[in-house]
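Take the sequences, apply the hints, and build the full model.
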Amino acid sequence: MAEPVLDIRGVSKSFGALRATDDVTLTLVPGEIHALIGPNGAGKSTLIALICGGLRPDAGSIHFRGQEISGLSVAQRARLGLGRSFQISSLIPEYSARRNVMLAVQARLGHPYRFFRNVQRDAGLTGPAMEYLARVGLERRAHILASELSHGERRRLEIATALALEPAAFLFDEPMAGMGAEGARELIGFLDELRREAPILLVEHDMDAVFALADRISVLANGRIIASGSVHDIRNDPEVRRAYLGEEGA
Amino acid sequence: MADARRETIVNIVLAVALFVVPAVAYVIDEPFFITLATRVAILALAGVGLNLALGLGGMVSFGHAAFFGLGGYVAGVLAHHAFSGTPVFWGIPGTNQMIIIWIVAIVLSGMLAAIIGALSLRTSGIFFIMITLAFAQMLFFFTLSWPAYGGEDGLPIFVRNQFPGLNTMRIWELFLLSYAVLMIAILLFRMVRNARFGAALMAIRQNPDRAAALGISPFGVKLAAFALSGMITGLAGAMMADLTRFVSPAMLAWQMSGELIVIIILGGVGRLFGPVAGAGILVAFEVFFGGITEHWQFWLGLVLLGVVLFARGGLIGLIAGRDRHG
Chain Y
947 MAEPVLDIRG VSKSFGALRA TDDVTLTLVP GEIHALIGPN GAGKSTLIAL ICGGLRPDAG
1007 SIHFRGQEIS GLSVAQRARL GLGRSFQISS LIPEYSARRN VMLAVQARLG HPYRFFRNVQ
1067 RDAGLTGPAM EYLARVGLER RAHILASELS HGERRRLEIA TALALEPAAF LFDEPMAGMG
1127 AEGARELIGF LDELRREAPI LLVEHDMDAV FALADRISVL ANGRIIASGS VHDIRNDPEV
1187 RRAYLGEEGA
Chain E
761 MADARRETIV NIVLAVALFV VPAVAYVIDE PFFITLATRV AILALAGVGL NLALGLGGMV
821 SFGHAAFFGL GGYVAGVLAH HAFSGTPVFW GIPGTNQMII IWIVAIVLSG MLAAIIGALS
881 LRTSGIFFIM ITLAFAQMLF FFTLSWPAYG GEDGLPIFVR NQFPGLNTMR IWELFLLSYA
941 VLMIAILLFR MVRNARFGAA LMAIRQNPDR AAALGISPFG VKLAAFALSG MITGLAGAMM
1001 ADLTRFVSPA MLAWQMSGEL IVIIILGGVG RLFGPVAGAG ILVAFEVFFG GITEHWQFWL
1061 GLVLLGVVLF ARGGLIGLIA GRDRHG
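Taken in sequence, the protein lines are chains Y and E. Heads up, the first sequence is in our numbering, so the first residue is 947 and it goes up one at a time. Heads up, the second sequence is in our numbering, so the first residue is 761 and it goes up one at a time.
Derived by calculation from the structure, the hints in this document are not laboratory data. What you were told as hints is all true, and nothing was included just to trick you.
Computed, partial: chain E to chain Y, Cβ under 8 angstroms:
#1 Asn954
#2 Ala955
#3 Ala963
#4 Arg970
#5 Ala973
The following label-pair restraints were derived from C-beta to C-beta distances:
#6 Glu1077/Y - Ile859/E: 44 to 50 angstroms
#7 Ile859/E - His1097/Y: 52 to 58 angstroms
#8 Gly1083/Y - Met951/E: 30 to 36 angstroms
#9 Gly980/E - Glu1077/Y: 24 to 30 angstroms
#10 Ala1069/Y - Met951/E: 17 to 23 angstroms
#11 Ala1123/Y - Ala775/E: 46 to 52 angstroms
#12 Gly1135/Y - Met951/E: 41 to 47 angstroms
#13 Gly962/Y - Ile875/E: 35 to 41 angstroms
For each residue, glycine too, the CB sits at the ideal point set by N, CA and C.
Pasting the structure below:
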């Protein structure tokens, strides 16, 4: 296997007596979609926060592109090339769709301490922003405020801003949440292509999407990875069926 | 975008009105109204500074009087030493040149704002409000108990500081200077707001987690904005000292910080000409209702209550609708 882009080794995090993340080891290699699944309360959100920088691990190491990142801030990790989308759409509500993406383009291009040039007339921002919007089919909604977009459109705008970061790895937190069947199918096709640009760590509840997309699946329960393997392995793992899939009668 | 055009019209009307009122007063020789207009312009300038932090960055500073007062004391102290021919310290002479005073006021206010910001921007909400207030109160009590420059009696500026080519003792010329500085500051505010820095700052106000996830560090951007904000308010303080020819600890009192916030809220938070509208309303209340009753602040309070409850966009918002950054 190729050198992993994201390499998480033996990471633990406790809140008081609760071990929210317990000795988790996980990698993300180029070209793959690695799905992370687990029942509610399994510790997915904690693990995401540890990867993105919202929390610091108590033990273990997190390497991203060969660099130890556990001590870096959220913004520093993003600048290294970690492109995330949020579980609950987290956009700039008073900015149009285009301006939301422009902000991501601006963030990728460099430091924000430019005081004079009007961003609305900066073709270096508006041009790429429109291209990313077009990729998710939002180019005709470019001037609508994020707060006035429909739920599905906001999900797509989340993806567009992640694309605009041109990251070395994507971390998508339940991108399918609340999407209709049609939207979910489109998004599955989209992510299927996207993995060639950068590997995707996909946290998702929609099992159809996970089974359709994932090269590897890791199952989290009570803060631990209880199984990791191909779609076939996971489907047939008795422990997984008991801990997780059993709930859904699969 | 009809709202945006309407806002432009309101802005032009405000800019013209602030010029025409004192111009008419000049022609009919009513210097009192020129003094008032100059006061509006300088308070609006201080408001432009606060509007950068509060309006664009969402940093509700209840301590901007610290910068306003620091600017005032820079003008007062330097003029005092120029007048008496004594050095400020280490042989550094005083000066009666506004340009030098302004530069010193801007630099020192920026440094003070950077220090206060670095210590208080880790917090937000009510804690940020209280920490900024605490810093301003510390400086307030410092000036109160510092006898070298008048202590609680304040420090008079006997002869107004000078500006090349102008006779600043003539109120009309001082007005023109203040008006020009205000317009430059508003243009600067507009430029910053529309540039990448403003885009980052306004995004951080709305959603700091999102900004961080994009790689924009909220702390650094907010600190830079807070320092810039303090610089502009500090400059306004230096100019106010020259208008009233007097500096006193009152310039640093919490009431002054509150007045600046009131200006922003009345005019419209984050709006380009909000501080002009707000300062105009405040001074108008002070003069017209202040002439009728000494409890004019009660009526101002009622108006403020009305704005907060029913017209959250302030005067500009009332006329031109919501602010949009599409």
